[in-house]
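Heads up: the protein sequence lines correspond to chains A and B, in order. In our numbering, each residue's number is its place in the first sequence (first place is 1) plus 1112. In our numbering, each residue's number is its place in the second sequence (first place is 1) plus 76.
Do not rely on the hints blindly, as some may be mistaken.
Stated by the list, open to error - Cross-link-like lysine-lysine pairs, in silico, PhoX-like; alpha carbons within 20 Å at most:
#1 A:1371 / B:100
#2 A:1451 / A:1562
#3 A:1526 / A:1418
#4 A:1445 / A:1418
#5 A:1175 / B:133
#6 B:164 / A:1478
#7 A:1451 / B:167
#8 A:1451 / A:1478
#9 A:1418 / A:1451
#10 A:1478 / A:1445
#11 B:164 / A:1193
#12 B:167 / A:1478
#13 A:1451 / A:1526
#14 B:167 / A:1445
#15 A:1418 / A:1478
Hints were generated in silico from the structure; no laboratory data involved.
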Amino acid sequence: MSGILGSDLLIEITYLAATALFIFSLIWMSSPVTARRGVFAGELGMALAIAGTLLHHGIVDYKLIVIALVLGTIIGIPLGKVQMTAVPQRTALSHAFGALCVTLVGTAEFYLPREAPMSRFMISVLCMEVILGALTITGSLMAAGKLQEWLPQRPITYKGQNFVNLGLLGVAVVVAVFLVIHPERTQLFPAIVAIPLIFGVMMIVPIGGADMPTVISLLNSYAGLSAAAMGFVLNSKLLIIAGALDGASGFILSMNMSKAMNRSFSNVLFGAFGQEQTTASGGAEAKPVRSATAEEAAAILSAANKVVIVPGYGMAVAQAQHKVRELFDALTKRGVDVKFGIHPVAGRMPGHMNVLLAEADIPYDKLLDMDEINGDFPQTDVALIIGANDVTNPAARNEPSSPIYGMPILDVDKARTVMVIKRGMGAGFAGIENPLYFLDRTLMLFGDAKGFVGNIVRELSGGGSH
Amino acid sequence: MKMDLLTSLYVFMLAAFIGFQVIKRITPLLHTPLMSLTNALDAIAVVGAIILAGEHKTTLAAILGTIAIVSATSNIVGGFLITDRMLKMFKSSGAKKA
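Can you make the complete structure from the sequences, with help from the hints?
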């Protein structure tokens, strides 16, 4: 007995080709030079697999399929055309859509009349599919809501939160186990959809904005794994492989993110972020800082040989990336070597800063990740920090009592001069004071990121025309 | 049936290994488009939904299958579109200067 995906040779061949194309798609994603070819391979594989599926002899009614495909396309087009700044919430939303599909199919499969009852193994995989899918639906919707700022971004924590959350998930697993042992108790099934739906909401409640890169990656992984589980239920190798690839991708990204925030592996696996955000009592007395005007900053920048710009989420919020590009152009024209140093968790999802800067037309070979740029700072004349805070905090390197001690940072304090564009002296998301601001070599540039960079650019171009 | 399951487990394991090896090599520069691409690829789940809706074995299956097609298709279309849009923006400084 083969699964419902049938055994027609032609269909299987389209699936085989699609699988190969999907793997090529990911291989080509490794470099910006071949990446667009990767998208094409993915599209081709997808088209083949869908065309093959439509040939399936069991299909008696095409009307619903066509309507649904058209409707999905109508919804999909605007989702593909969102602003680049909205990409994190769009991504979260699409994780929810993917998980919704998997959960609905799993639910339908469970209630499908069949000649032979499902094996125990099948029921357990189906339960896993539905549990993972359901928690990803609400978890992703919550994440999207927070990123879109429809929900408060501030983490909401209470005592025993992890206990409540894990307990809830535990109940769902217990019910699932019971269902596997007593498959005739179908009335239990709605519970293993409903409980994870609630768990998904609870899981994201304690998550703050800065944890989003990890959470989005984790949800990506869950969505992939639930699709792979669906592949087991339907006996579809194509789905198992696509799900495993997506699951692996999300898993690697969340590992990267957790490493970049110095969080442990189990911390990520259980989604137990947020509770480390106990505010450190900052030094009460106001220490002296040195500040500078746009004119002074422009003079120092134009005298430099090497400048490294460190962007953070603040740049995205201020929509300053296009002004930053003007600064990049103005300095490059004067022969200054300008590069960008990008921390893995800068922004709200993996690679967020790169996309924003690429959109502003900054060449990608100037965008370097933390490991590539850190060796350059001692030879750098000016490190210009725009809207980043904790990822530049030297306390992470040399102050064991700091809550972020051990987190890998960009070594901006090794540059000859450090400039920080910042609205005021407020602490970062973790509420941790940044000793960087009190160094002798640090100049604080107080103001809005977009406005201040604009002023520097004006000074630079004014100086050039005289 | 037992054999099928075992084969599926082998396939899953091998695919996960390939996934780890391939994804590890992807530059952090492209992690955002990577996520939207894998998201679109993951929507291959649409094939299961198409069969559910098309076979029309029960009304419930047809309804759930249809909704599932809509949500997966929106991921396919939206995911590929935005991935390509993002990748188009990545230019090297060797390429034509604006």
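Verification of the hints:
Distance hint between residue 1371 (chain A) and residue 100 (chain B) is fulfilled; the C-alpha atoms sit about 14 Å from each other, no more than 20 Å. In summary, the hint linking residue 1451 (chain A) to residue 1562 (chain A) is supported, as the alpha carbons are separated by about 19 Å, within the 20 Å threshold. Distance restraint check for residue 1526 (chain A) and residue 1418 (chain A): the Cα-Cα separation of roughly 13 Å lies within the 20 Å cut-off, and the hinted pair is therefore satisfied. Distance check on the hinted pair: residue 1445 (chain A) and residue 1418 (chain A) sit about 13 Å apart at the alpha-carbon level, within 20 Å; holds.
At most 20 Å may separate the alpha-carbon atoms for a hinted pair to count; residue 1175 (chain A) and residue 133 (chain B) meet this at roughly 15 Å. At most 20 Å may separate the alpha-carbon atoms for a hinted pair to count; residue 164 (chain B) and residue 1478 (chain A) meet this at roughly 17 Å. For the hint pairing residue 1451 (chain A) with residue 167 (chain B), the CA-to-CA distance comes to about 15 Å; that is within 20 Å, so the pair holds. This hinted pair checks out: residue 1451 (chain A) and residue 1478 (chain A) have alpha carbons roughly 5 Å apart, not beyond 20 Å.
For the hint linking residue 1418 (chain A) to residue 1451 (chain A), the alpha-carbon distance of about 8 Å falls within 20 Å, and the restraint holds. The straight-line distance between the Cα atoms of residue 1478 (chain A) and residue 1445 (chain A) is roughly 15 Å, inside the 20 Å bound, and the hint therefore holds. Using a Cα cut-off of 20 Å, the hinted pair residue 164 (chain B) and residue 1193 (chain A) holds, with the two alpha carbons roughly 13 Å apart. As the CA atoms of residue 167 (chain B) and residue 1478 (chain A) are separated by approximately 10 Å, the hinted pair is consistent with the 20 Å bound.
The suggested pairing of residue 1451 (chain A) with residue 1526 (chain A) holds, with an alpha-carbon distance near 16 Å, which does not exceed 20 Å. Between residue 167 (chain B) and residue 1445 (chain A) the alpha-carbon distance is near 18 Å, which keeps this suggested pair within the 20 Å criterion. In summary, the hint linking residue 1418 (chain A) to residue 1478 (chain A) is supported, as the alpha carbons are separated by about 12 Å, within the 20 Å threshold.
Checked against the numbered hints given earlier, the structure satisfies every one of them.
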